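Here is how the chains run, residue by residue.
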Amino acid sequence: MGYYIIKRIVFVTLVLFVLTTVTFFLSAVAPADPARLWVGPHPAAGQVEAAQKLLGLDKPIHIRYIHYLGRLLNGDFGDSIRTRQPVSKELKRYFTATIELVTVSTVISLIIAVPIGVYTAFRREKLEDQLGRIFSFCGVAIPIFWLGMMLQLLSGSIIEDLPIQGRLSSTLFYTNPLERVTGFFLIDSILTGNWVVFRSSLAHIVLPSVTMAFASLAYIVRQTRSSMIEVMNENYIRTARAFGISERQIRYKYAFKNGLIPVVTVVGIVYAMNIGGSILVESIFDWPGLGRQIWFAILNNDFPVIIGITIVFAVICCTVNLIVDLLYSVIDPRVKTAGKNIE
Amino acid sequence: MKIDTTINEISENPKWEKTKYYLYLISKNRLFMLGLIITLLLIAVAVLAPWIATHPGDAFGDINLSARLKPPSSDYLMGTDNFGRDIFSRLVYGTRLSILAGVCIVLIALIIGVPLGLIAGYYGGKVDEIIMRICDGFLSFPYLLLPIVIGAYFKGSLNIDMMVVNMLVLGLIWWPWYVRILRAQVLIVREHLYIEAAKAIGVKDSTIIISHVIANSIGPLSVQVSLDVGYAILASASLSFIGIGATPPTAEWGYMVSASRPYFHDFWWTTFFPGLAIFLAVIAFNLLGDGLREIFDPKTR
Numbered sequence: 000m001g002y003y004i005i006k007r008i009v010f011v012t013l014v015l016f017v018l019t020t021v022t023f024f025l026s027a028v029a030p031a032d033p034a035r036l037w038v039g040p041h042p043a044a045g046q047v048e049a050a051q052k053l054l055g056l057d058k059p060i061h062i063r064y065i066h067y068l069g070r071l072l073n074g075d076f077g078d079s080i081r082t083r084q085p086v087s088k089e090l091k092r093y094f095t096a097t098i099e100l101v102t103v104s105t106v107i108s109l110i111i112a113v114p115i116g117v118y119t120a121f122r123r124e125k126l127e128d129q130l131g132r133i134f135s136f137c138g139v140a141i142p143i144f145w146l147g148m149m150l151q152l153l154s155g156s157i158i159e160d161l162p163i164q165g166r167l168s169s170t171l172f173y174t175n176p177l178e179r180v181t182g183f184f185l186i187d188s189i190l191t192g193n194w195v196v197f198r199s200s201l202a203h204i205v206l207p208s209v210t211m212a213f214a215s216l217a218y219i220v221r222q223t224r225s226s227m228i229e230v231m232n233e234n235y236i237r238t239a240r241a242f243g244i245s246e247r248q249i250r251y252k253y254a255f256k257n258g259l260i261p262v263v264t265v266v267g268i269v270y271a272m273n274i275g276g277s278i279l280v281e282s283i284f285d286w287p288g289l290g291r292q293i294w295f296a297i298l299n300n301d302f303p304v305i306i307g308i309t310i311v312f313a314v315i316c317c318t319v320n321l322i323v324d325l326l327y328s329v330i331d332p333r334v335k336t337a338g339k340n341i342e
Numbered sequence: 000m001k002i003d004t005t006i007n008e009i010s011e012n013p014k015w016e017k018t019k020y021y022l023y024l025i026s027k028n029r030l031f032m033l034g035l036i037i038t039l040l041l042i043a044v045a046v047l048a049p050w051i052a053t054h055p056g057d058a059f060g061d062i063n064l065s066a067r068l069k070p071p072s073s074d075y076l077m078g079t080d081n082f083g084r085d086i087f088s089r090l091v092y093g094t095r096l097s098i099l100a101g102v103c104i105v106l107i108a109l110i111i112g113v114p115l116g117l118i119a120g121y122y123g124g125k126v127d128e129i130i131m132r133i134c135d136g137f138l139s140f141p142y143l144l145l146p147i148v149i150g151a152y153f154k155g156s157l158n159i160d161m162m163v164v165n166m167l168v169l170g171l172i173w174w175p176w177y178v179r180i181l182r183a184q185v186l187i188v189r190e191h192l193y194i195e196a197a198k199a200i201g202v203k204d205s206t207i208i209i210s211h212v213i214a215n216s217i218g219p220l221s222v223q224v225s226l227d228v229g230y231a232i233l234a235s236a237s238l239s240f241i242g243i244g245a246t247p248p249t250a251e252w253g254y255m256v257s258a259s260r261p262y263f264h265d266f267w268w269t270t271f272f273p274g275l276a277i278f279l280a281v282i283a284f285n286l287l288g289d290g291l292r293e294i295f296d297p298k299t300r
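Top line first, the protein sequences correspond to chains A and B.
Numbers 0 to 342, taken from numbering that gives the first Met the number 0, label the letters of the first sequence in order.
Numbers 0 to 300, taken from numbering that gives the first Met the number 0, label the letters of the second sequence in order.
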């Protein structure tokens, strides 16, 4: 097990190394000149040269590459071109908002999709199963950025007024300031007993998290359904039937436990999907997280921020997947060395 | 007499029997037929765009400020956008770009992924290990993140069309899936006795791969390709929405949704129809792929 973890960490480090190297050399050949971006659209004479010196762009490329790697190892991603703030500071500031949103939406999609998957597996080929299938088709085909905007429209007119932007009503920052404990608004407000903020942040997270959850619903339904169907075809279920155990007991006592084991791996994949989806969802709902920041950075050619957030996203996904793999080996004793049986 | 002999010939032709059987399965699969019809309609719209569009010029940068943000009417079937351009006509022309993007992305992925998958599966060992670890590396990134990062570096360049960048970066992250499919297929086929026999009589590796392995992979491959064309259309539109893709005044679905953002709260049609077009296209290719899966894979039937 220890060997497996070390192997995984080495692999992730290697992937990140290749990624940072590729992005570094891409930035060297990219049409956008960082020095020109740094000084703005109308530089005075000598300003571009000064910026080149400041950013170290006057040095040869291999020296720059070594400096760049050294800085990355120290957790220094450089300064944002747009805000002139250290990128690491921005990462810290927006990190928790994204984690909060992604976690809540992963939980929502599991709560909705797993029961649907189990139910349609039991009602295979019946009307409910066909409805579930149509639902799945819609789930994978709907563009979530469009879904988000449509929900915003509905929120104004048909369904009850839910906030469509931000993480908290802006007035609450003055009337009920939230004490920062963990950085997760939902948890902090409970810990400090700040119920006004709790209500507001709960209301704010509904639309973005539901939008994000929608993207992975179909995937979870399909995986759960096929896993349950596979288990229901196992010999031990047939044996249980032969013993005259009620269908209800067979389903929810014997099939359920084994059928849901593979769903654990789904969580890791869905989390990664949602991290990627945060770029679209956060930009639509103006959610102050890393996804929105990377979108701003793309619009403004702010390369240090883009690289920084990419690295953080990759690390989050790899960590979650590692945890999921370890959990899997704990839950399913058949998997002795976790990951070997997981493709 | 003559009729009798033709019937005999047909029934003795196993290939025709097989084709007939598949045609029968296809005609019985209602969801597949629905997907096929929508897909053919979309292709027809793409080809016949100049004749279907009511205001063809609006897809190429005509501006008509007097007709700004008009609701859907008989003149403007889906209303107009903030430049007074007919949304219906722009959507019709956008079909071309979206289908082209979907097909190109999958094509790039196939060109890279299929040979690598064959090599990995057929030769095994170190080569296999290296190729599969590279795939894992690509797949360990969250959805769309890699194309966004790479695409962002080409933004602001005047000599490259961003839509080309959009397709290239998506194709370049899509291939690992095909490596996996092909490799799995090779591993299955390799165990067959006839491959051993072919090897024993000295058939060349390349001939075995092409005539046996690829022929056996057509089923699963066609399922994945038709599903992926849909997903690629969605991914391409998503990338355009973020700003890595079509630039004004190009009529592209994802960009149209993104351009409508300042107006959609008061003028719903500016967002609704472009998004619906994406939805429809993706669902069509999905139905097609799912139908093919049922036809080729007896287990799911």
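Among the clues, some could well be false.
In silico SDA-like cross-links for lysine to any residue, where the CA-CA straight-line distance does not exceed 25 Å [as the list claims (entries may be wrong)]:
hint : chain 1 : residue 1 : chain 2 : residue 2
1    : A       : K6        : B       : K27
2    : A       : K125      : A       : I228
3    : B       : K27       : A       : R237
4    : B       : K154      : A       : N232
5    : A       : K256      : A       : I330
6    : B       : K154      : A       : L90
7    : B       : K27       : A       : I228
8    : A       : K88       : A       : T20
9    : B       : K154      : A       : H41
10   : A       : K256      : A       : D331
11   : A       : K91       : A       : H41
12   : A       : K252      : A       : N232
13   : A       : K91       : B       : K27
The set of hints was computed from the structure by calculation and includes no laboratory data.
Note that this is a predicted model, so its numbers are computed, not measured.
Indices of hints not satisfied (ascending) | 1, 3, 4, 11, 13
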